[in-house]
Amino acid sequence: MKEVELKMLERAKELLTSGEVARVIGWKKGDFCHDPSPASFETVEELNDFVYDWFCGANLSKYLIQMSKKEGKTAVFLKPCDTYSFNQLVKEHRIKRENMYVIAVECLGKLDVEKMKAKGASMIEGVDVQDEKVTVHTLYGDQEMEKSEVLLVKCETCNKTHQAKDEEIILHERQPKDVNRLAEVEALEAMTEAERFAFWKEQLSKCIRCNACRNVCPACSCIKCVFDNPASGISAKANDSEFEEQMFHIIRAFHVAGRCTDCGECSRVCPQNIPLHLLNRKFIKDIDTLYGEFQAGETTEGKTPLTSYTEEDTEPNDVFNGEAK
Amino acid sequence: MLKIAKERLNELYAAIAEAQALVLPLKKAGEVNYGAWAEGVEVSLETLKTVKSPKDMFFPQSENMMKFKTEGKNIEIIDVRGEKTPTVLFGVKACDYKAIEVLDKVFLADPVDTYYQSRREATTIVTLACSKPEESCFCKAFGIDATNPMGDVTTWIDEAYLYWQANTEKGESLTAVVSALLQEGGEAEVAAQQEKTTAILEKLPFSNLDLSRFTPENLNELFNDSAWEEMSEACLGCGTCTFVCPTCQCFDIRDFKTNEGVVRYRCWDSCMYSDFTLMAHGNSRTTQMQRFRQRFMHKLVYYPSQNDGLYSCVGCGRCVNKCPQRLNIVKVIKTLGGKKND
Amino acid sequence: MTNETLIPKVGVITDIRKDTPDVKTFRVVGTDGKKLFQHMPGQCAMVSVPGVGECMFSITSSPTNEAYMEFSIKKCGCVTEVLHALEVGAQVTVRGPYGRNFPVEEDFKGKDLLFIAGGIGLAPLRSVINYVRHYRENYGKVVIVYGARSKDDLVDIEEIKTEWMNEPNTEVYLTIDRPQEGWDGNVGFVPAYVKELGLDPNMTAVLCGPPIMIKFTLAGLLELGFDKSRVYTTLELRMKCGVGKCGRCNVGDKFVCKDGPVFRMTELDELPDEY
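Line order of the protein sequences matches chains A, B and C. First residue of the first sequence? That's 604 in this note's numbering, and the numbers climb one at a time after it. First residue of the second sequence? That's 15 in this note's numbering, and the numbers climb one at a time after it. First residue of the third sequence? That's 952 in this note's numbering, and the numbers climb one at a time after it.
Wrong hints could be hidden among the right ones.
[Stated by the list, open to error] Distance condition first, Cα-Cα at most 25 angstroms in a straight line; then the derived DSS-like pairs of lysine-lysine:
| # | chain 1 | residue 1 | chain 2 | residue 2 |
| --- | --- | --- | --- | --- |
| 1 | A | K718 | A | K827 |
| 2 | C | K1209 | B | K119 |
| 3 | C | K985 | B | K83 |
| 4 | C | K1062 | C | K1092 |
| 5 | A | K827 | C | K1026 |
| 6 | A | K718 | B | K146 |
| 7 | A | K632 | B | K348 |
| 8 | A | K809 | B | K41 |
| 9 | A | K718 | A | K616 |
| 10 | A | K722 | B | K348 |
| 11 | C | K960 | C | K1026 |
| 12 | C | K1060 | C | K1209 |
None of these hints come from the bench; they were simulated from the model.
Kindly produce the complete structure, drawing on both the sequences and the hints.
Structure follows, in structure tokens:
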């Protein structure tokens, strides 16, 4: 990963020095080895804090809504999953593509420090990754972990490839994973209605209505969210123990259906670790089943299943009655 | 000092819960938060940081305040509060206990917030000393001793026992309720644990944050610092930091129409939200930088300026762990605290 | 239900006066027909229509009015829209009084007073002007400068013409932004008019109106030689609790609801510029 970071840094310096771009969007170092933040860099000096490591899980695409409106060109480092959100935002006219310069960067999966802590690692000082093994260096000594056990949830089943790039920095090829990303959805579908209801009730009742899932979501790009409209008579921040209140997440999943690229940011940012991505994946699975395989964000053009009509489309009533083709 | 063997803790919980409500850290759907004890729940006392702090016990995230019944032009106002159940809040860490003092200074200041006060008075607080603080903890920077958290009763826990020491009259009354389960002893074990924990606390990376620049005299210097723009750049404007924070106390009051009249409720609010200061004719904070700045200035400068220098951060580190983009008060303290006034 | 901070009292609207196309003045008493509570000039109250919301308004009537309270309210948002649709006899809820009043019993006593208002900014000033009129012997000369967009937007023009203009040792200057048929008074913005009038800088001044008016009028006063420590104004920010707890109206180490709304200009200079 270090050599990738150095290459990226080199390119960022070149682009800023030559004036080809006005800013570069990437990540900057935090206080630990595991807390980098998204950042924009406008000068070579600022790049002293630049970092690209195993903890750069954040999706930078949503920042580009603001950045692409700024003066001059903006270069951005995008991981494979980020490029789907990027394309979707370009398609929805939220990002001005002509103002962007996309550098596709390699990603071998990003790590989740919370999972490491849950495995007993405390005072983490650094990590080394060798294929499928992670060595966690702590104040109290080294700890070995399986990489697959400490990946961010969104990386566990990721087989995404770059869908947008003006150039690339890829030093290591990633082997496709033999996983079914819909397995958890299938498990939920296999439950009885009562079991499924109990599952979601328990999960969603943890929600603290912080709105991190919505604010981080590249598909939630409305300037003013319906939940923030005072005239709607609803409150996006009042949390109630009643399950009905948690309809928020289901409504939100409806709002992003057909546009959600399964970037998994919602689950990554949830302070209560609610598996919100499963709601979205259920919609993805249904869309695939009812209208044919579709992956949002693969392109910046073309029709999408939920925004186009054909006479052969499944009738809502058939879906409701379980008679959909 | 008194003690009880760890395997008998369930008996202790049951004895407390017989006479009053017992609220303590419970693991549910994978996460640990404060909740009411009942037979069969999964208690997780050792969890260092519950996702939400126990502030809900006194200042719930949402609470109904009053009802309005309207008939024709007439309005009747109904106070919907009932008697508060006596409650024992168990397992509160030193940082969260200090946070209650921070909240007290807001809600119990004249004019007293009686919604908060009645819950506060009905609650006996049993604290639990930390023995395994981690890298995101920085209570020491705010002068908090995680090994001696106080409250009505202080407890310590090790491999074998939970040690118990009453500090107040409320604590003595609670001790009387469970005295049959407790036995004498534990001074040496507690002292040994405190010594060991203190040594870890010394080594924590944020334990010695320099707060010296955060004084009322520097209010405008800090407010006008150019670093806010860069520090807040990645902020999503969500309310995670606010809602997991044990001292954040901003709220909204709203009305909700129901079939049986109008309910006026209050709920937590966040200065990070764009509509927090929105008025019919404008907004005093239009950028996320301003909102971000407000939150940290309030914790580190405004609140201390109103409350004899008491910071409204207790170093619990929840925001350090939970901010989606890894922005937090430590980064703010380091960035601004290290600078000299221009 | 006594002495509760957040639980309001029921008020009955006994009179509604339409002052301007978008300002109405509501007269409110308790359900027993008596005044709801005592206040001092400049203080505010939370008025609410249950189910719609609660808003902070300055109490327009003078404390010396023992019979009722009045609120002059401009239609500009959800709550005010509904208030404007109410009829006499309707009930609302009221809680207060909140905030720090004008120092009428301290700094203002024995001084010559200059009141400058723009538009609905007259609302908080009407309370203090009528208080001063009531205890006229305690104060020196009174000068009132009041401006609005048009003659139809001058709030309380009847009271100004019939009472204030006839008050001894009192000067009243009115101005409107643009020339208008049937108006033979001054035309021009308040800040410019204030400079033209060449006012005595030894007066204690109170400014109230839109932020832009305050900014330019203050600059004008300073040019005339006024001292900032004798210039007062009121701030308005979003409020929910009214008692310095909900956090909304926090500016620097002050809460506008509790430490304001009345501020001396020298106090505002110490606050961060975020109001």
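Check: Taking each numbered hint in turn, which are not upheld by the structure, reported in ascending numerical order?
Finding: 1, 9, 10
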